[in-house]
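Each chain is listed here by its residues.
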Amino acid sequence: MRYLFISLLVIFTFPSFAVGGYKEEFEREFMSKPWAGEQIEENACIGCHVSDKMEPKLKNIPQNWQMSIHYENNVSCHDCHGGDPKDPDMSMSRQRGFIGAPKYTEVPEFCGKCHVGILKNYLESGHGEALKKTAKGPNCVTCHGSHKDEQFIQKANIDIINEQRCTKCHSYERAMIMKQALFLTEKKIGELEDNFGRLKKEGVFTADDEKPLFRTHADFRALFHTVDVDLVKNQTDDFAKRLSIIEERVQKGFREVRFRQNFSGFLLFLFVGLAITVFLLGRRSE
Amino acid sequence: MKRRNFLKLLFAFLGSISFASFVYPLVRFLAPPGIEAKTKKLSLSKGEIPVGSAKNIIFNNTPAIIIDRADKGLVALSKICTHLGCIVEYDRAKKRLLCPCHAGVYDLEGNVLSGPPPKPLQKLPLKVEGETIVIG
Amino acid sequence: MFTGIKKWLEVRIGLDDLTRTQLTEYRVPKNVNIFATLGFVALAGYAIEVISGIFLLIYYTPHPDQAFRSVQDIMTRVPYGWLFRQIHIMGSYIMIAAVMLHMVTVFLMGNYKRPRELTWVVGGLMLLVTLTFGFSGYLLPWTQLSYWATTVVTSMPTAFPYVGDFIARLLRGGDYISGITLGRFFALHIAILPPIFLSLIALHIFLIRRIGISATPFGTSDEEKRPLTEYKKKTYPDGLPYYPYFFQKQMLMVMIYVAVMFFLITFMPTLFSPDEANTPANPLKTPFHIRPEWYLLAPYQMLKLIPNKFLGISIQIILVGIFLLWPFLDSQKEKNVFKRPVLRGVFIFLLALWGILMFWGRY
Numbered sequence: 001m002r003y004l005f006i007s008l009l010v011i012f013t014f015p016s017f018a019v020g021g022y023k024e025e026f027e028r029e030f031m032s033k034p035w036a037g038e039q040i041e042e043n044a045c046i047g048c049h050v051s052d053k054m055e056p057k058l059k060n061i062p063q064n065w066q067m068s069i070h071y072e073n074n075v076s077c078h079d080c081h082g083g084d085p086k087d088p089d090m091s092m093s094r095q096r097g098f099i100g101a102p103k104y105t106e107v108p109e110f111c112g113k114c115h116v117g118i119l120k121n122y123l124e125s126g127h128g129e130a131l132k133k134t135a136k137g138p139n140c141v142t143c144h145g146s147h148k149d150e151q152f153i154q155k156a157n158i159d160i161i162n163e164q165r166c167t168k169c170h171s172y173e174r175a176m177i178m179k180q181a182l183f184l185t186e187k188k189i190g191e192l193e194d195n196f197g198r199l200k201k202e203g204v205f206t207a208d209d210e211k212p213l214f215r216t217h218a219d220f221r222a223l224f225h226t227v228d229v230d231l232v233k234n235q236t237d238d239f240a241k242r243l244s245i246i247e248e249r250v251q252k253g254f255r256e257v258r259f260r261q262n263f264s265g266f267l268l269f270l271f272v273g274l275a276i277t278v279f280l281l282g283r284r285s286e
Numbered sequence: 001m002k003r004r005n006f007l008k009l010l011f012a013f014l015g016s017i018s019f020a021s022f023v024y025p026l027v028r029f030l031a032p033p034g035i036e037a038k039t040k041k042l043s044l045s046k047g048e049i050p051v052g053s054a055k056n057i058i059f060n061n062t063p064a065i066i067i068d069r070a071d072k073g074l075v076a077l078s079k080i081c082t083h084l085g086c087i088v089e090y091d092r093a094k095k096r097l098l099c100p101c102h103a104g105v106y107d108l109e110g111n112v113l114s115g116p117p118p119k120p121l122q123k124l125p126l127k128v129e130g131e132t133i134v135i136g
Numbered sequence: 001m002f003t004g005i006k007k008w009l010e011v012r013i014g015l016d017d018l019t020r021t022q023l024t025e026y027r028v029p030k031n032v033n034i035f036a037t038l039g040f041v042a043l044a045g046y047a048i049e050v051i052s053g054i055f056l057l058i059y060y061t062p063h064p065d066q067a068f069r070s071v072q073d074i075m076t077r078v079p080y081g082w083l084f085r086q087i088h089i090m091g092s093y094i095m096i097a098a099v100m101l102h103m104v105t106v107f108l109m110g111n112y113k114r115p116r117e118l119t120w121v122v123g124g125l126m127l128l129v130t131l132t133f134g135f136s137g138y139l140l141p142w143t144q145l146s147y148w149a150t151t152v153v154t155s156m157p158t159a160f161p162y163v164g165d166f167i168a169r170l171l172r173g174g175d176y177i178s179g180i181t182l183g184r185f186f187a188l189h190i191a192i193l194p195p196i197f198l199s200l201i202a203l204h205i206f207l208i209r210r211i212g213i214s215a216t217p218f219g220t221s222d223e224e225k226r227p228l229t230e231y232k233k234k235t236y237p238d239g240l241p242y243y244p245y246f247f248q249k250q251m252l253m254v255m256i257y258v259a260v261m262f263f264l265i266t267f268m269p270t271l272f273s274p275d276e277a278n279t280p281a282n283p284l285k286t287p288f289h290i291r292p293e294w295y296l297l298a299p300y301q302m303l304k305l306i307p308n309k310f311l312g313i314s315i316q317i318i319l320v321g322i323f324l325l326w327p328f329l330d331s332q333k334e335k336n337v338f339k340r341p342v343l344r345g346v347f348i349f350l351l352a353l354w355g356i357l358m359f360w361g362r363y
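Line by line, the protein sequences are chains H, B and R.
Residues 1 to 286 (this note's numbering) make up the first sequence, in order.
Residues 1 to 136 (this note's numbering) make up the second sequence, in order.
Residues 1 to 363 (this note's numbering) make up the third sequence, in order.
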């Protein structure tokens with residue numbers, strides 16, 4: 001009787017294997033309720049911009065934004081464009097600070113609302129002066145992209161400097177010299193960032209040490225925006241010094257990981273020895 | 001029987017080492033943290049701070065700033081932004097501190113006025129003894 | 001000096017009589033195998049969890065803003081904090097493995113049959129409490145993994161039509177996981193479950209001692225006359241004394257258990273720590289792969305497979321009911337599982353199914 005019952009139960013689960021789309025079903029049933037999923041904040045901007053009322057080029061914006069580094073850091077529409085994200089009627093109201101999309105020449109000040117240090121260096125640089133004097137020249141979007149078309153703003157990296165991009169206005173030669181000047185320091189910073197990630201995985205948390213690294217990286221990037229190769233070369237040594245202090249901390253972290261492995265290995269060895277001893281003690285010549 | 005005695009001895013030996021290798025970490029684990037090595041205090045004379053202005057100092061390897069606020073006296077704040085660690089800059093005209101990385105803004109108490117920082121700037125202990133200021 | 005102390009105790013509590021009846025004259029069957037030690041191993045595992053847990057309690061802060069940071073501090077700043085945390089984590093996983101192995105061996109040896117039905121039921125309840133320990137403790141570090149795995153698991157009761165939502169809200173303390181949830185899970189983990197578990201342990205051990213250790217069905221035939229109609233404690237007058245024979249077996253298994261734990265800590269410390277286990281919980285971002293803990297993967301996968309979620313959860317409840325009440329459903333007298341091919345087949349099939357569901361649920 002019980003076997004029949006059990007077998008019936010088991011047999012009935014088999015057809016369910018064949019049901020396709022179970023994952024979507026599950027997610028729809030369980031994960032779509034507000035209590036079961038992410039607490040998505042109300043965002044009037046996204047609400048309209050994903051709807052079919054929008055023309056395609058405006059409709060793409062939210063999904064482009066979701067691939068960006070701004071999204072990863074919880075920076076959303078109103079943080080740059082102003083407006084009220086909680087109130088659809090006021091979402092694009094000048095009273096709530098809405099400033100819309102910036103004109104080409106106004107882009108640096110638009111981004112510079114937050115990226116203050118970089119704006120300062122940019123305005124003093126050859127690029128900044130070109131933009132201000134001739135209304136032609138690279139602005140932030142030229143190199144970093146925006147959420148237009150198929151682009152999204154990626155985390156800044158050294159390969160933004162490439163032949164395709166920089167030759168829009170001048171020969172690649174000077175860009176290449178700059179890239180070379182930046183290269184070693186950027187590489188070192190990248191290595192250190194990877195190392196911090198590895199340490200975290202192994203259980204050594206280094207949040208306090210990551211701040212100086214971020215600071216150094218930010219300073220270095222801001223320095224680049226002066227587009228002044230000599231300045232970068234002069235300061236490279238200073239940066240190398242700062243990085244080597246951070247590197248020492250990283251090495252200390254790795255030494256700690258190795259110590260932990262050795263210590264627990266030692267305990268393992270002790271207990272294996274104890275197990276063997278107890279086993280031998282149990283053998284009696286009968 | 002000699003073998004049994006040896007085994008018993010071995011067990012006692014390994015057992016006590018195992019016990020000690022738990023007791024030692026446990027004692028270190030439970031022991032109160034060592035009194036923070038008395039950080040070297042930093043002293044400077046009041047005259048070094050321009051009236052109504054500020055002075056950058058390095059305290060314990062961290063960049064900090066002593067501000068002479070007109071109404072509320074002297075304050076010592078760490079210059080490390082609580083967002084991601086950049087160094088904030090003092091804006092005398094607007095009486096605030098601004099972080100150049102992502103525009104975090106703090107008032108002269110260290111409280112966050114706007115921007116991404118999650119916590120106020122760390123205040124450093126400051127005492128005025130006569131004509132000398134002591135930090136730490 | 002040693003004999004002096006023994007004499008002092010002897011006068012007060014009758015130490016000699018105690019050691020005689022409980023240790024040397026307490027006899028176990030001659031063919032007792034090491035699987036019979038698994039219960040003791042599970043108990044040792046639980047003791048390790050309690051002790052390591054108490055030490056972690058000293059430095060842990062059960063508030064959502066500080067929980068993650070306190071665990072980080074334990075791992076990085078407290079001397080040897082990492083050791084106790086790793087012991088607690090690995091210990092919990094292998095304890096559950098030991099408990100499940102114990103259950104499987106008891107089942108296969110037919111030791112749930114009359115007169116031991118109650119022991120099985122109490123043991124089944126202990127398994128459920130152990131899983132609840134694991135489930136409540138999982139949330140405490142407040143990582144992305146904890147937060148979202150707990151979200152998924154606390155959503156499962158919503159499959160019940162009317163009371164489901166209420167049960168889910170009761171568990172969570174609200175509509176979604178928050179500091180309130182952390183508070184109640186913490187209380188559950190350190191204050192509510194331990195006394196319940198300890199009472200169940202006491203009852204379980206009392207039943208074992210009172211009824212007597214069962215004879216293994218393999219080899220020698222079972223001498224108990226069936227059906228039993230009156231109480232008779234099972235004894236083994238020509239068996240081996242518990243101390244030192246069986247005690248030594250138990251010690252050996254405990255040493256092996258602890259050695260396995262340290263093997264994992266030394267060579268695979270990140271076995272249960274994907275990236276999400278090192279990131280603080282963010283209620284606004286769901287990681288791509290949310291999964292419950294490994295021992296809940298099979299039920300989770302089953303829920304995903306069965307299209308109607310009410311049916312899914314009802315089946316699981318029924319299965320749990322069958323599991324708990326099995327001794328009452330299986331009334332065949334034959335204890336030796338090798339003589340019962342149907343039961344053996346069905347059981348192995350179910351075990352394999354559980355394993356497949358578990359691995360499937362992992363991906």
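Because the hints were derived from the structure by calculation, they are not lab data.
A couple of the hints might just be wrong.
[As the list claims (entries may be wrong)] For lysine-lysine, the following DSS-like pairs were computed, each having C-alpha atoms within a straight-line distance of at most 27 Å:
no.: 1; chain 1: H; residue 1: Lys120; chain 2: H; residue 2: Lys155
no.: 2; chain 1: H; residue 1: Lys155; chain 2: R; residue 2: Lys285
no.: 3; chain 1: B; residue 1: Lys72; chain 2: H; residue 2: Lys120
[Stated by the list, open to error] Over 10 Å on every C-beta distance to chain R, these chain H residues come out as not near it, computed from the model:
no.: 4; residue: Lys201
no.: 5; residue: Phe205
no.: 6; residue: Thr206
no.: 7; residue: Arg260
For each residue, glycine too, the CB sits at the ideal point set by N, CA and C.
These are the hints, each one checked on the structure:
1. Lys120/H to Lys155/H: Holds, at about 20 Å.
2. Lys155/H to Lys285/R: The hint holds at about 19 Å.
3. Lys72/B to Lys120/H: With a Cα-Cα distance of about 32 Å, the restraint between lysine 72/B and lysine 120/H is violated, given a limit of 27 Å.
4. Lys201: violated (6 Å)
5. Phe205: violated (4 Å)
6. Thr206: Violated: least Cβ distance 8 Å, not greater than 10 Å.
7. Arg260: Arginine 260/H not clear of chain R: closest Cβ-Cβ about 6 Å, inside 10 Å.
Checked against the numbered hints given earlier, the structure breaks hints 3, 4, 5, 6, 7 and satisfies all the rest.
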